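Residue numbers (our numbering), protein chains in the order written: chain A, 1 to 111; chain B, 1 to 415.
Only true hints are included.
With a cut-off of at most 16 Å between alpha-carbon atoms, the simulated EDC-like pairs for lysine to aspartate or glutamate come out as follows:
hint, chain 1, residue 1, chain 2, residue 2
1, B, Lys238, B, Glu282
2, B, Lys238, B, Glu179
3, B, Lys238, A, Asp36
4, B, Lys241, B, Glu282
5, B, Lys238, A, Asp31
If you are wondering where the hints come from, they were derived from the structure by calculation, not from laboratory data. Small disclaimer: the values here were computed from a predicted structure and weren't measured.
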Amino acid sequence: MSGPRYTVRTERAVPDQGGAALRMVVTGELDLLAEDDVARALREAVGQAGATSVVLDLTEVGFIDSSGLRALLQGRDAASARGLSFALAVVDGPVTRLLAAAGVSEWFDYA
Amino acid sequence: MTIDLIPADETERLAAVRRYDVLDTPPDGAFERITAMAARLLGVPISIVSIVDSDRIWFKSHHGLDVEQIDRAPGLCASAILQEGPWLVTDASVDPRTLANPLVAGDFGLRFYAGVPLRTHDGYNLGTLCVIDQEAREITDDELATLTDLASLVMDELELRLSARRTVSLEAELRRGAEDVARTLQESLLPPELPPVRGLDLAARYHVAYRDQVGGDFYDVIPTETGCLLVVGDACGKGTKAAALTGTARWTLRTVALHDGMPGDALARLNSVLVRADADTERYVTVALAAVRPVDEGAEVTIALGGHPHPLVVRADGTVDAIGQTSPIVGWQAGTAYVDATELLGVGDVLVLFTDGMLEAVAGHGETDDTAVRDVLRPLAGRSAEEVADALDAALGTDMRDDAAFLVAAVVSRA
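Throw the hints in and build the complete structure from the sequences for me.
This is the structure:
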């Protein structure tokens with residue numbers, strides 16, 4: 001195995017109406033190896049001054065397992081605890097299949 | 001003569017030779033370089049790193065001599081290891097210690113020998129670094145100092161290898177220890193054997209992906225007044241935290257199952273226990289919980305699924321059905337409700353509960369579709385639980401990245 005099989009990138013949109021919209025893009029394999037990085041990036045995004053919303057873009061995630069799901073749930077909970085809106089951007093694929101199999105599709109908002 | 005050449009501490013010395021584990025190892029560069037240097041620096045044709053075994057002298061490196069070992073009896077190295085310091089013979093043909101020696105008197109015609117013992121830190125001479133010539137000659141103090149330094153290099157190299165080997169075997173021992181702990185812990189999370197349940201023929205399997213890691217999969221069979229509860233679950237993550245969660249989940253289910261009649265209620269209770277118990281570690285489990293009640297001509301199964309793959313039923317006619325209705329994962333969100341679904345099974349039907357690790361081992365990494373598992377099960381209608389479990393075992397791929405557990409319940413006649 002050479003190097004991470006995933007990437008995490010956070011984009012901050014130009015503030016409008018006094019709040020910042022954050023978009024975090026994760027690509028690759030969201031598993032035990034990626035979990036810590038993704039969870040940390042989500043905590044940092046949610047903790048950013050002025051942030052009002054976080055969209056987690058998972059459209060380029062090719063694999064996700066139970067550890068990856070845990071990172072998504074932690075992000076959702078952290079956003080909710082700070083009063084931020086939190087939404088997933090997904091396409092039909094591994095992410096939506098796992099959310100459905102775990103019975104948690106309805107626990108998330110979608111962008 | 002041979003008796004004279006046996007050191008007083010020979011038993012311990014031979015143990016030291018064994019400890020360094022160098023006898024009969026292949027040639028290697030470090031020792032080849034040292035003997036080549038010794039021959040060049042002292043201007044002699046032959047240099048040898050010898051190890052004195054019980055009955056032979058074995059050459060770890062033999063520069064300028066195409067012989068790998070000789071008998072111990074005539075070997076001059078056997079004499080050299082009786083010394084603490086160098087053993088020198090400048091003209092063996094006239095030296096009373098060596099003139100009758102076959103290597104000296106015979107065709108080989110050895111005349112000059114200088115050997116420095118390879119002395120371990122605890123004082124045992126394993127063998128020598130020696131130089132040999134077929135001409136008589138003297139050795140200067142400088143040359144002897146060089147030979148002694150080179151002998152120290154040989155010994156350093158041997159010590160280094162011994163300690164590397166010890167590190168490797170220590171690591172292997174630690175790993176075995178970790179595997180033992182993992183196995184013991186894992187075994188404590190699984191029933192030692194499945195209890196007999198009237199009207200059901202049961203089999204279970206558990207496969208670990210990594211022997212030194214405790215997985216999060218678990219299964220259980222809990223007898224109840226009306227039949228039994230079948231449990232297959234999977235704790236998120238790996239290692240001891242997952243194992244602790246697995247243990248909590250399994251024993252909580254055993255307790256709540258006695259009080260809560262329906263599987264959905266039991267999962268709701270488990271959920272609230274885990275949400276409270278697990279606030280800091282933020283983990284969840286997925287569980288398939290099936291209450292099986294034998295009835296006339298079969299069994300009634302009520303099942304609740306907490307974010308877990310749908311169990312499959314192989315009907316006696318060869319069709320395969322997924323049963324249960326998906327509810328959310330267990331242990332994350334307070335107040336989650338779990339839906340019961342009820343299914344009637346006939347005699348000959350086989351119910352299979354499994355973890356996603358088993359599904360992926362059969363269908364491929366990352367797969368959530370159970371088609372491949374259905375394909376394995378379809379021809380197994382009417383077979384015994386063990387036969388079905390064996391067939392599933394055979395279908396597991398070799399590239400297992402996650403633990404795999406499954407529980408098979410074949411409905412049999414109660415008569």
